[in-house]
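Colleague: Listed below are the residues making up each chain.
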Amino acid sequence: MKFSIERGVLVKAVAQAQSVVERRNTIPILANVLIEASGETVSFRATDLDIEVVDKALAQVEQAGSTTVSAVTLHEIVRKLPDGALVTLTDDAGKGRLTVEAGRSMFSLATLPKEDFPVMASSEYQTTFKAPAPVLRRLFDKSKFAISTEETRYYLNGVYMHVADGEEGRVLRCVATDGHRLARIDAPLPAEAESMPGVIVPRKTVGELRKLLDDDEAEITVSVSETKVRFATPTITLTSKVIDGTFPDYSRVIPMGNTRRMEVDAGDFAKAVDRVATVSSERSRAVKLALEEDKLVLSVNAPDSGAAEEELVVAYADERLEIGFNAKYLLEIASQVDRENAVFMFNSSGDPTLMREGNDTSAIYVVMPMRV
Amino acid sequence: MPALCRNCLHEFESGARCPKCRSPRVVAHDELWDLGIAHMDCDAFYASVEKRDRPELAAKPVIIGGGRRGVVSTACYVARIRGVRSAMPMFKALELCPDAVVIKPRMEVYAEVSRIIRARMEELTPAVEPLSLDEAFMDLRGTARLHGAPPAVLLARLVRGMKDELGITGSIGLSHNKFLAKIASEVDKPNGFAVIGRAETSDFLRDKDVSIIWGVGGATKEALDRAGIRTISDLLRWDEAELVARFGSMGLRLFHLARGQDTREVKPDRGLKSVSNETTFDEDISDIDLLDGHLWRMAEKVSGRAKAKGIAGRTVTLKLKRADFRLLTRRVTLTDPTQYADKLYRAARGLLDHAVDQGPFRLIGVGLGDLLDESGADRSGDLLDPDAEKRARAERATDAIRQKFGADAIIKGRALR
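Sequences listed follow chains A and B, in order.
Read in UniProt numbering, the first sequence has 158 at position 158, and its numbers run on one by one without any break.
Read in UniProt numbering, the second sequence has 324 at position 324, and its numbers run on one by one without any break.
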């Protein structure tokens, strides 16, 4: 195998591969990227056995072939090469070495046989549909903060992507929760997506997927089966196993009957929460919200570190209410709001609170209060 | 030389017997009235409590320890003469001492006696640092005027009172820092009173083995051995920089402790690190339902102790020992710290479900760690488990009933497995 490729193109392709590779793994081949050159393209394939990414790039292929080499090392080398350099990769199968040449630099890397590289079994996808990158970006960006890290509830360690009934018809919906807060984000249902089985997309896959979604113009092809999900652009294909579990019935959790409505500028609110939380104890980060007519008083009282209070003008016309929250959770949901005011719907100080942006129900957040 | 009769607390100027009551139990030392850091260590504590409660055992060898496969927790002095030691496997102890009376530990009783002793120490000084149920440091400096007597007299009075009123003997080590006080309490055991003054500190330490130093266990001892350091006097030949270069922060400690220098304060609240409970089975268990019963009972015990202490924990640890003695520990961090048995049990059960296929097990244990005050715990509900609040209320009601009618008044069916 021998091919030449522009440094910038190579960096991008290898970067995606090396981020999938697990840093600490006991199987040497899994640290490697499988490089396959034929025709005018070279593909770079990496896997951690749960996720597989294949990145195709244009190159001048002199001799077709394939090999595997350490993804991290190759990425480090290419990253350090000067911008605009033409990089030539030559595989010497006899010596088990891959030569990387650029200008006057020359590297020789140990390879492992491509036959040992585990290629993810292909799957029959029940549903394939196309969705614009910005739509998927919104669905996952606004929900991923609520993914649980608790391994005993493994079925919460991802984003539940499924088809549901929204306020205005069928929607493509992403839900994540850790039991303390929940995010439910809807998008118009893409054509052909109706029959999609609901899948829990693992946290790591959500992180890898994000790199495919930066281009506003891109159309992403999404393929879903009971066990796998695939996201593809013309050059990158990300395939992932989904979490084998049942996502809990979240609809019971979303309070529909909360009547006490508070509207507040999300930016001001987040800044105030952040300021008063400065004195809260590192561990609990509890903030108290005291509401009366058109006035919100945020306060923190931490016996061993101090106290803080801040007043905000809000729109509120219900009875007085005092309710406590974890400051981090409030900040996270407030920062999801980017266009309009944040609307909070409270019930009592012990019940879940709902938050949305203006009257837009296509993105709602639920947060559990805490005793203060 | 100042002297004190441990029998009648008479203070006098030297002599082998007390001039007042003729008792030979005299402690005499040049610095006797000047030293204020003490270590009190009860003698064969668990065994002493059992002998106190069952006087017919007084002259018999008594071993406290659990079950057929357990280890010796405490051996009374009669059993110790026969070679029985703490942490020895029970079968071996019984080989050495076949006529021993083996008693299962009654931790609640020992804890109660310990509380009484602690309260007595706290009458003398607020600076009491318990190391376990049966030993504690006390800083008695500056209390002489308050009590109208120097620390040595207070300590002699303390152990005399423990013996007369509680039936428990203890040994006192009195010195000028914690390190030496702890060593001193071992010198004259049992029912002893030993003093290490400033003047003889270096003479006293010189020929002692390095393992006398707190923190020098197997690995450090080996490392010291390789460096040719076996006794304290070997250590004295090294300068500070060399020791630090070779042994890191431990080197610094070795340097100072070898010279009898220890600046650690007696800290009243040493800060509990974790609350845990474990049990060794009579026969190895792999059945999840049987394990589950043990798990629940231990969760209740741990939770009960946390509630009694007014604390809660953020991490739950499950400990399993396999039949081949390999230890598995699994830990989970809770988003909301807890002191409830229910939440503790559920978290541990989640861990057990993942590990159960590695059984059978000979031991199971549950612990609550990363502790904090209970006011910071159980503050937030679980969206996905709306019944959790109901169960928490049931647990509080159960606790109230038990408080009134005893621990067996109400139990969960799960506890019977």
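The set of hints was computed from the structure by calculation and includes no laboratory data.
Because the structure is a prediction, the values reported are computed rather than measured.
One thing to keep in mind: the hints can contain errors.
Straight-line C-alpha distance at most 27 Å; calculated DSSO-like pairs for lysine-lysine [unchecked claim]:
hint, chain 1, residue 1, chain 2, residue 2
1, A, K241, A, K130
2, B, K92, B, K307
3, B, K307, A, K288
4, B, K189, B, K208
5, B, K104, B, K307
6, A, K288, B, K390
Colleague: To test your reading of the hints: which numbers does this structure violate?
Modeller: 2
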